[in-house]
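> So the chains spell out like this:
6 protein chains.
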Amino acid sequence: MTNSEFTRADGRATDQLRSVRITRGFTSNPAGSVLVEFGNTRVMCTASVEEGVPRFKRDSGEGWLTAEYSMLPAATHERMPRESMRGKVKGRTHEISRLVGRSLRAAVDLSQLGENTIQLDCDVLQADGGTRTAAITGAYVALADAIAVLKKRGVVPGEPLRAPVAAVSVGVIDGHVCLDLPYEEDSRAEVDMNVVMTEEGRFVEIQGTGEHAEFDRDQLNELLDVATKGCKELIAAQKAALEG
Amino acid sequence: MTNSEFTRADGRATDQLRSVRITRGFTSNPAGSVLVEFGNTRVMCTASVEEGVPRFKRDSGEGWLTAEYSMLPAATHERMPRESMRGKVKGRTHEISRLVGRSLRAAVDLSQLGENTIQLDCDVLQADGGTRTAAITGAYVALADAIAVLKKRGVVPGEPLRAPVAAVSVGVIDGHVCLDLPYEEDSRAEVDMNVVMTEEGRFVEIQGTGEHAEFDRDQLNELLDVATKGCKELIAAQKAALEG
Amino acid sequence: MTNSEFTRADGRATDQLRSVRITRGFTSNPAGSVLVEFGNTRVMCTASVEEGVPRFKRDSGEGWLTAEYSMLPAATHERMPRESMRGKVKGRTHEISRLVGRSLRAAVDLSQLGENTIQLDCDVLQADGGTRTAAITGAYVALADAIAVLKKRGVVPGEPLRAPVAAVSVGVIDGHVCLDLPYEEDSRAEVDMNVVMTEEGRFVEIQGTGEHAEFDRDQLNELLDVATKGCKELIAAQKAALEG
Amino acid sequence: MTNSEFTRADGRATDQLRSVRITRGFTSNPAGSVLVEFGNTRVMCTASVEEGVPRFKRDSGEGWLTAEYSMLPAATHERMPRESMRGKVKGRTHEISRLVGRSLRAAVDLSQLGENTIQLDCDVLQADGGTRTAAITGAYVALADAIAVLKKRGVVPGEPLRAPVAAVSVGVIDGHVCLDLPYEEDSRAEVDMNVVMTEEGRFVEIQGTGEHAEFDRDQLNELLDVATKGCKELIAAQKAALEG
Amino acid sequence: MTNSEFTRADGRATDQLRSVRITRGFTSNPAGSVLVEFGNTRVMCTASVEEGVPRFKRDSGEGWLTAEYSMLPAATHERMPRESMRGKVKGRTHEISRLVGRSLRAAVDLSQLGENTIQLDCDVLQADGGTRTAAITGAYVALADAIAVLKKRGVVPGEPLRAPVAAVSVGVIDGHVCLDLPYEEDSRAEVDMNVVMTEEGRFVEIQGTGEHAEFDRDQLNELLDVATKGCKELIAAQKAALEG
Amino acid sequence: MTNSEFTRADGRATDQLRSVRITRGFTSNPAGSVLVEFGNTRVMCTASVEEGVPRFKRDSGEGWLTAEYSMLPAATHERMPRESMRGKVKGRTHEISRLVGRSLRAAVDLSQLGENTIQLDCDVLQADGGTRTAAITGAYVALADAIAVLKKRGVVPGEPLRAPVAAVSVGVIDGHVCLDLPYEEDSRAEVDMNVVMTEEGRFVEIQGTGEHAEFDRDQLNELLDVATKGCKELIAAQKAALEG
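Taken in order, these protein sequences are the chains called A, B, C, D, E and F.
For the first sequence, this note's numbering gives the first residue as 1, with consecutive numbering after it.
For the second sequence, this note's numbering gives the first residue as 1, with consecutive numbering after it.
For the third sequence, this note's numbering gives the first residue as 1, with consecutive numbering after it.
For the fourth sequence, this note's numbering gives the first residue as 1, with consecutive numbering after it.
For the fifth sequence, this note's numbering gives the first residue as 1, with consecutive numbering after it.
For the sixth sequence, this note's numbering gives the first residue as 1, with consecutive numbering after it.
Keep in mind that the hints were calculated from the coordinates and are not lab data.
Warning: the hint list may mix true and false statements.
One copy or two, either will do: identical chains are not told apart, so a pair holds if it fits within one copy or between any two.
To be verified - In silico SDA-like links for lysine to any residue, alpha-carbon gap of 20 Å or less:
hint: 1; residue 1: K232; residue 2: T117
hint: 2; residue 1: K57; residue 2: M80
hint: 3; residue 1: K88; residue 2: R105
hint: 4; residue 1: K152; residue 2: E78
hint: 5; residue 1: K88; residue 2: R98
hint: 6; residue 1: K90; residue 2: R102
hint: 7; residue 1: K151; residue 2: E51
hint: 8; residue 1: K57; residue 2: E211
hint: 9; residue 1: K57; residue 2: E78
hint: 10; residue 1: K229; residue 2: R217
hint: 11; residue 1: K152; residue 2: H77
hint: 12; residue 1: K232; residue 2: R12
hint: 13; residue 1: K90; residue 2: G101
hint: 14; residue 1: K151; residue 2: Q112
hint: 15; residue 1: K151; residue 2: A237
hint: 16; residue 1: K151; residue 2: E78
hint: 17; residue 1: K229; residue 2: D218
hint: 18; residue 1: K90; residue 2: P54
hint: 19; residue 1: K152; residue 2: D186
hint: 20; residue 1: K151; residue 2: R92
hint: 21; residue 1: K57; residue 2: T117
hint: 22; residue 1: K90; residue 2: R55
hint: 23; residue 1: K232; residue 2: R217
hint: 24; residue 1: K88; residue 2: T27
hint: 25; residue 1: K229; residue 2: S28
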């Protein structure tokens with residue numbers, strides 16, 4: 001099958017993002033609160049600020065940042081049991097929470113934060129693929145807002161906010177490299193990859209999995225090219241939102 | 001202190017609701033999905049439908065309805081730890097989930113539902129008092145939408161939806177009976193009461209607590225009068241939303 | 001059906017309590033230990049005293065009171081799994097524990113207690129309806145005994161014990177308002193209500209549920225009249241036990 | 001120190017049991033319900049009957065018997081946290097539950113029971129040493145009553161009840177072998193042993209621990225002699241209760 | 001059946017141990033690390049050292065020793081679910097952990113240890129009966145190595161190591177008393193006993209269970225004779241390993 | 001710093017593996033049992049076989065493979081609390097278990113396996129970096145042995161074993177790309193990457209994280225080149241072990 005014959009169910013070009021919306025001030029209690037939408041995927045990202053740091057950081061003069069990701073039970077097509085009621089957090093949830101935390105720590109200089117902790121919460125209201133990449137992308141904006149609050153309060157000694165970090169999924173569908181997979185594509189992708197990137201185009205994290213087929217070096221390069229294009233556009237959207 | 005001297009922080013009359021908004025189709029995966037707002041309190045209410053019933057209802061020919069209530073961690077002024085991560089659901093959460101379930105079972109005729117289960121999820125996005133009453137009020141609308149979906153699918157033998165059920169909080173603040181308490185009032189109320197009511201003005205549930213002072217029969221009557229007025233207005237809002 | 005035709009399975013008048021027994025000093029380790037019996041319902045209520053208060057009360061100069069309710073597995077007609085073995089406490093258990101705690105805090109002036117904590121435990125040995133109201137009624141007596149112990153030890157600065165608080169269930173059975181429902185009535189009541197009241201007849205808590213039918217204002221008033229009569233008789237029994 | 005100089009705090013002879021009381025029909029819901037008292041130790045032992053057996057016994061034609069032991073939180077001198085609230089069952093609890101189950105399975109011929117399950121619950125109302133041995137001794141009586149109920153119902157094919165099994169603690173206190181230790185002795189015993197025995201004087205279980213000192217063969221023999229005397233007296237009490 | 005006709009599946013004499021191997025320095029991170037083998041049973045025993053003691057020992061001037069036993073999921077013939085994934089530790093595991101801790105505390109003088117804690121971990125790599133007795137026997141050697149490390153570091157004020165403690169299983173198979181039961185014998189033994197003993201032949205712990213038949217005093221004496229022989233040989237093996 | 005000046009603590013070349021040992025038949029109960037060593041990292045990998053498949057695969061005609069990874073508490077330099085005792089599995093553990101499962105599913109053709117389940121367990125006996133990559137590499141050999149057992153039993157319809165899959169870590173240390181990081185390097189690496197690869201050099205999984213610095217496309221390519229060399233050597237070791 002040649003590229004000219006391949007069409008995506010939603011009509012997008014293979015290297016095209018879904019429509020992206022970033023709404024700041026979505027709720028008012030947390031220091032930063034953002035609703036991020038990648039097509040039908042909608043994630044509420046909040047950044048809460050607490051004075052003090054966990055024990056392993058105490059008296060370090062540095063701050064800390066941590067993240068929790070979760071899906072509301074009715075976010076998916078079939079309702080999923082609530083993790084609090086099951087009494088167990090799923091491995092997938094832990095894994096994504098850790099990824100979001102690592103990714104956003106690349107966007108903050110903890111030594112400039114003072115002994116404050118920023119807690120990110122990414123709660124998926126509606127899931128249609130790419131929830132973890134939307135979460136990272138939205139969380140950066142919530143983080144920026146929270147740091148602005150901290151600075152206004154005068155509790156931050158330095159300039160903790162670094163240049164933007166964004167994330168996008170790429171995958172191989174019927175042999176074609178595609179950007180920003182919705183659920184329908186994600187569930188049948190041969191290869192699935194999430195890329196987290198800085199504004200300068202440097203990698204924060206790459207996670208690629210050959211779900212139904214392994215991939216070679218050429219495919220990897222093509223996947224990374226398309227992911228780089230996607231992250232650049234997402235970072236532009238982040239900056240526009242923060243200036244808006 | 002006479003009533004003429006008493007003013008509420010938000011300027012409302014003592015028997016006045018906060019502004020109420022009910023948005024249907026808030027998300028698209030569940031059969032019913034509603035965002036309900038009582039002032040700054042915002043609750044996402046979804047109704048998911050599953051064929052089959054729990055074991056204790058099997059072969060009864062009847063359906064079942066159950067509910068879960070939860071707060072997002074950043075919904076409150078101070079962030080609260082996520083229940084799934086603590087590994088324990090708080091007593092308050094269990095208590096409200098059970099109240100929502102009982103209240104909405106009064107709005108459905110299970111014998112007309114067939115052996116289907118409706119699962120309500122009420123997730124508080126932003127909390128400013130009255131989250132349980134907003135949850136019940138919004139859940140009725142989500143339930144109505146879900147039953148319409150079931151009927152369209154042809155899996156419902158009868159007419160399971162009953163007349164609306166709505167809920168409101170009332171309380172005694174500085175000796176004055178007030179309707180629909182925001183957090184600031186709720187946390188210092190002498191008496192706190194939640195009333196769940198049908199369209200005909202019959203009680204589904206009354207829960208009144210003398211948090212800082214007991215209350216007598218006259219105060220109870222005044223509380224119920226004001227709650228009745230509030231529930232009637234909420235039911236009008238539910239009906240308007242469902243016709244809209 | 002008129003009242004003259006309606007008879008209760010145990011032959012009681014509709015506004016008559018089951019026989020009530022309150023046995024002080026039921027066990028000897030806790031500061032207060034009471035066996036309370038409402039007919040066949042038997043609850044062991046203990047009040048244990050600990051110096052110090054939970055963190056949120058520290059350095060307040062005030063004491064604290066908290067309660068836990070539980071059923072022994074063989075208390076009910078069908079044995080129920082032990083909550084410790086299931087690894088989960090049921091919502092119903094949490095709900096009742098919270099109710100008992102709130103109710104008894106109305107019977108104690110925490111500012112007079114010093115920084116001491118009173119822990120109430122209400123363990124149901126045999127269940128036949130009304131376990132939560134028996135628990136509240138018995139716990140008051142255990143609380144009174146525990147405060148007497150504290151005063152004898154000289155660790156209580158003031159007079160923390162307030163006037164008695166008692167609780168009773170009322171309900172509508174086949175259209176008739178009845179007092180103090182045993183299990184057989186409770187399980188088929190159209191309306192079920194628990195009322196917690198002080199000696200002066202003021203309400204501490206009202207929880208009414210239309211389990212199988214809603215109720216109107218007239219029924220509510222009748223339910224409250226009968227509950228008031230019941231609570232007065234229970235308070236007389238509490239006082240007799242404490243003088244005995 | 002010679003025996004003539006050694007006196008026990010409660011004045012008993014070294015080979016004397018505390019006063020033993022066995023009350024049948026203590027509660028009415030379970031098939032067997034016994035309150036057993038060894039001095040101040042009081043344990044409620046119930047035997048509940050369920051048709052059917054756990055999976056590993058299915059289609060074996062045999063029955064099953066299992067046991068759970070637990071302490072009420074206020075049973076001990078210092079209140080202990082409730083295991084259901086901690087979310088964890090203590091190792092000691094598990095250990096004793098298993099001991100009670102093994103011991104009572106020696107008193108029942110499972111091949112004569114049919115595919116029925118007997119669930120024993122031993123809940124300590126008041127603890128003063130020897131709770132596990134009191135539990136075993138009382139559970140036998142509850143078991144006998146439950147089997148009688150099963151036989152009356154006609155669901156038991158054979159004669160499952162075997163001759164009595166009883167248990168007692170022995171220990172070394174200040175170098176002296178003592179029978180049936182109360183808490184004060186138990187907590188400072190050099191050696192602590194629990195012996196479970198049949199009517200014919202055969203051992204079902206021996207558990208001896210040198211808590212603060214090891215013990216030799218002569219001491220072991222002396223401990224077993226005294227335990228045998230104790231178990232014989234307890235079996236006489238069981239038989240008297242069952243005939244009563 | 002006379003002894004002359006009875007043969008064990010592995011050809012051993014009834015009072016003969018399986019081949020015993022004790023490998024010190026099995027892993028290098030913990031202060032003591034031993035692989036102990038009783039025939040096909042293989043247990044990794046480690047002793048880790050931590051400065052400080054648990055709260056109940058703080059400021060006592062004494063140290064503490066505690067133990068945890070566990071089976072790897074594939075250690076047994078049929079794979080068993082991993083306890084961490086089930087979210088629950090089995091009663092058997094708790095019971096053995098407690099036994100190992102008690103037994104090894106008899107091998108250490110806590111008053112000579114300073115405020116240090118020794119944590120023993122006994123992880124069964126391969127199970128063929130006698131895992132708890134192998135664990136105790138191997139843990140003594142790991143403990144000795146860990147104390148030597150502490151002494152080298154100069155943090156131990158005295159001589160905490162006592163004379164060796166070892167453990168062995170004995171049982172009755174087809175009416176014959178046998179030493180050191182492999183799984184095949186253990187699972188069908190009429191009587192099963194574990195004996196923990198010091199070098200001087202004094203008992204630390206005796207746990208005997210009549211699994212399928214009770215036992216009398218003569219059998220008990222025979223069991224103890226054989227166990228004593230086994231423990232002496234195990235202690236010789238421990239000493240050889242520590243000198244090696 | 002140029003490459004000529006950079007030396008690794010253990011003297012290896014930057015693209016050199018630690019010494020690798022693969023021991024088959026390490027224990028005898030599971031169908032496959034392997035001890036794999038990458039330098040001081042030692043992981044016991046077992047493959048257990050169960051007839052039948054989980055519910056979501058039932059009646060598919062296909063088999064299933066799943067994996068669990070865990071660390072023994074004393075595997076690390078500082079002892080870590082046992083997950084079963086904490087009652088919670090750490091996110092890191094879940095994450096690695098999922099990675100091992102996905103990686104090994106690439107080495108098996110489930111449609112050829114019949115409705116059998118292979119359960120891999122990777123238990124780290126000693127940790128010195130690269131435990132997850134050693135686990136994957138060793139698990140392939142255990143898997144091969146288990147499939148051979150299944151084929152001998154005649155329960156496998158086809159040829160489920162695919163060509164080998166191996167995994168290795170690479171990282172950037174002081175600006176130099178290094179292969180197979182021990183703990184000392186891993187903990188201070190600027191970039192850390194795990195690569196899972198098939199015999200033909202195709203990627204099964206890439207997980208790269210800029211822990212302390214982001215990385216660009218050139219570094220990524222260098223990391224992948226070195227990882228490819230490492231995986232080829234590991235696959236040679238796997239094949240040698242399986243032929244041995």
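> What are the numbers of the hints that this structure violates, sorted from low to high?
1, 3, 15, 19, 20, 24, 25
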